[in-house]
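Taken in sequence, the protein lines are chains A and B. Residues are numbered in our numbering as their position in the first sequence, beginning at 1, plus a constant of 295. Residues are numbered in our numbering as their position in the second sequence, beginning at 1, plus a constant of 295.
Hints may be right or wrong, so weigh each one.
Identical chains blur together in the list; that is why a pair holds if it fits in one copy or across any two.
[What the hints assert, rightly or not] 30 Å max Cα-Cα, derived DSSO-like pairs, lysine-lysine:
#1 K620 - K309
#2 K432 - K620
#3 K546 - K425
#4 K454 - K425
#5 K400 - K511
#6 K454 - K579
#7 K431 - K633
#8 K425 - K371
#9 K519 - K620
#10 K425 - K527
#11 K371 - K402
#12 K400 - K431
#13 K402 - K511
Just so you know, the hints here were simulated from the structure itself, not pulled from any lab data.
Number of protein chains: 2
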Amino acid sequence: LQYGTTEGDPSLRKMLVERHNRQGLNLSIENLIIVTGSQQAIDLIAKVFLNPDDYVICGLPSYLGGINAFTVYGAKLKGIPLDEQGMIVEELEDTLITLRELGRKVKLLYLIPDFQNPAGITLPNSRREKIIQLAKKYDILIIEDSPYREVRFEGEPQKLMQELDPSGRVITLCSFSKILAPGFRVGWVIGHPAILDKLVMAKQTADICTSTFVQKVIARYMEKGLLEQNLKKTIDLYRERRTFMLQCFKKYMPEAVRWTEPQGGLFLFVTLPQTINANDIFNKAIERNVAFVTGSTFFCNDTGRNTMRINFSYSNPDEIDTGVKRLAEVICEELASK
Amino acid sequence: LQYGTTEGDPSLRKMLVERHNRQGLNLSIENLIIVTGSQQAIDLIAKVFLNPDDYVICGLPSYLGGINAFTVYGAKLKGIPLDEQGMIVEELEDTLITLRELGRKVKLLYLIPDFQNPAGITLPNSRREKIIQLAKKYDILIIEDSPYREVRFEGEPQKLMQELDPSGRVITLCSFSKILAPGFRVGWVIGHPAILDKLVMAKQTADICTSTFVQKVIARYMEKGLLEQNLKKTIDLYRERRTFMLQCFKKYMPEAVRWTEPQGGLFLFVTLPQTINANDIFNKAIERNVAFVTGSTFFCNDTGRNTMRINFSYSNPDEIDTGVKRLAEVICEELASK
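Model the full structure from these sequences, guided by the hints.
Structure follows, in structure tokens:
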């Protein structure tokens, strides 16, 4: 119940390090610190590394709720389009060249390589390697935000960018929020000790340490082997719901609507015909008790108005069936009115 | 176990509001938010209100570990001397006049009105009122940091500055760290809703919300009436230790040493003869298993080298007796060597 070290509970850090090393990494305890949710890590990275007018590069789309922490510190966001394999490397390099020519300073590249939020896309290893090469060439730090990685239903895991980068410029953010409970507010950061030292300094004045009580609760839970048991149950449950939601989409959605078929994570990303603005149908859906996140929330260049993110992890099959059916009706009505 | 609202658990906020109102305040739920320890509140206030080169005024001495959060955002600290009643109001006004003449912008006044850390001094109501008047005149926000207030052994409680200020410019920081457990990392902020709204916006990108799990644990603990029971035990224990430490000081310390006799809190503040630098005797004390915080840590103008803060809350009577005795020996040896 006392204050703990800012770096985090040593036993929890040790268990996490050992768990990563069993999965192929080669970490020591100096490569891992505990944070108050990975949102805090984003905030600390911004505080330490960003000056006003620095650029942060992210995906088009990307979860802006999280990375608004960057803009709070005066940074500018620049989005790079994704294709079905994630961020397009050529577009990234073109942008880096252009920004350099304009005399802009790009500091950070923010990526969600596994089951990207909201697109659900996983970057293949080859593209991860190319992006690391570019980051090296243009002297940029990479934030590998990885909350969904372990929620994989099928297919082959790709390597963590942390594992692919020997140069120490990847900062990997992990979290218990999607594999145990968001209400604990505990995440962890993997990276070069010199970078983590700076984050720890910033964390001292941010909250001194993450709740030692909660860290001990999680450590005990992991010691008992319950994390892996719970994770397996979570994955089985979410896989079933994902599969069922995809069936409902096929059954109810009009032909002009497209959606992703994610191998993991919590979301479908849905693209409506260009004529439909997801903001326009939001209130109509809410009236029928169906909620989604409007896609424009994810585009830092103010596009993506015909897209939406739909969560399949939370509802039971009956609710999913009813929800998709009602949403399809709203979309059909909107299409008919055009 | 889910995410909660950024403002904090409604039942915990409600209980805290009711508790304050029983103590004489007149708050509604919009006047109170939960934070991840009051350290986070300092960080959020700095983030929201400070620009580089703004001035923050604090006591000489004052706990700089906490308010280094201000300097992280580029603010400058200016210290005002304390007398035995706390911050000297005339010195405060002189400084405000001087800084205004120099064209400097003073944004915040940081105070610990009850059992000030490290000096142990409590500001009387009359001085609290005068300081609020000055803050109004010079358009400054007051941070009333109040972690020790409830740990009172004797004497009459003064009013919270929050209660004395009808203008809404006092932001009061409270914490469970000294009345329950620092390892929970839960505090709360009282203030004008317009100010709290800004802090909530900043908290969203800092950690989304304070651990909902820990908030529920504390709410349950309070519902059962255990907080008041535990607080009474804490106060009785600390009072006993404070009284015993004062006896040991009288018994062992050479005549040239002075110390405070605090009516609450956790610390004695000790002033050595001017010829002794507390930093010089620190290692010698550590060798004899006695630790203290060197006083210069508390002076933003690099003075106070002959002072030290000594904690009486943690050790049992035997340890206090031995510790004070050994510390007195070290001081006597140092005096003899001059």
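Checked hints:
no., hint, in the structure
1, K620 - K309, "neither (47 Å within a copy, 40 Å between copies)"
2, K432 - K620, "neither (49 Å within a copy, 62 Å between copies)"
3, K546 - K425, "neither (39 Å within a copy, 72 Å between copies)"
4, K454 - K425, "within (13 Å within a copy, 63 Å between copies)"
5, K400 - K511, "neither (41 Å within a copy, 44 Å between copies)"
6, K454 - K579, "neither (42 Å within a copy, 52 Å between copies)"
7, K431 - K633, "neither (49 Å within a copy, 58 Å between copies)"
8, K425 - K371, "within (24 Å within a copy, 44 Å between copies)"
9, K519 - K620, "neither (42 Å within a copy, 47 Å between copies)"
10, K425 - K527, "neither (32 Å within a copy, 62 Å between copies)"
11, K371 - K402, "both (10 Å within a copy, 27 Å between copies)"
12, K400 - K431, "within (14 Å within a copy, 42 Å between copies)"
13, K402 - K511, "neither (35 Å within a copy, 39 Å between copies)"
The structure does not agree with the numbered hints 1, 2, 3, 5, 6, 7, 9, 10 and 13 stated previously, though it agrees with the rest.
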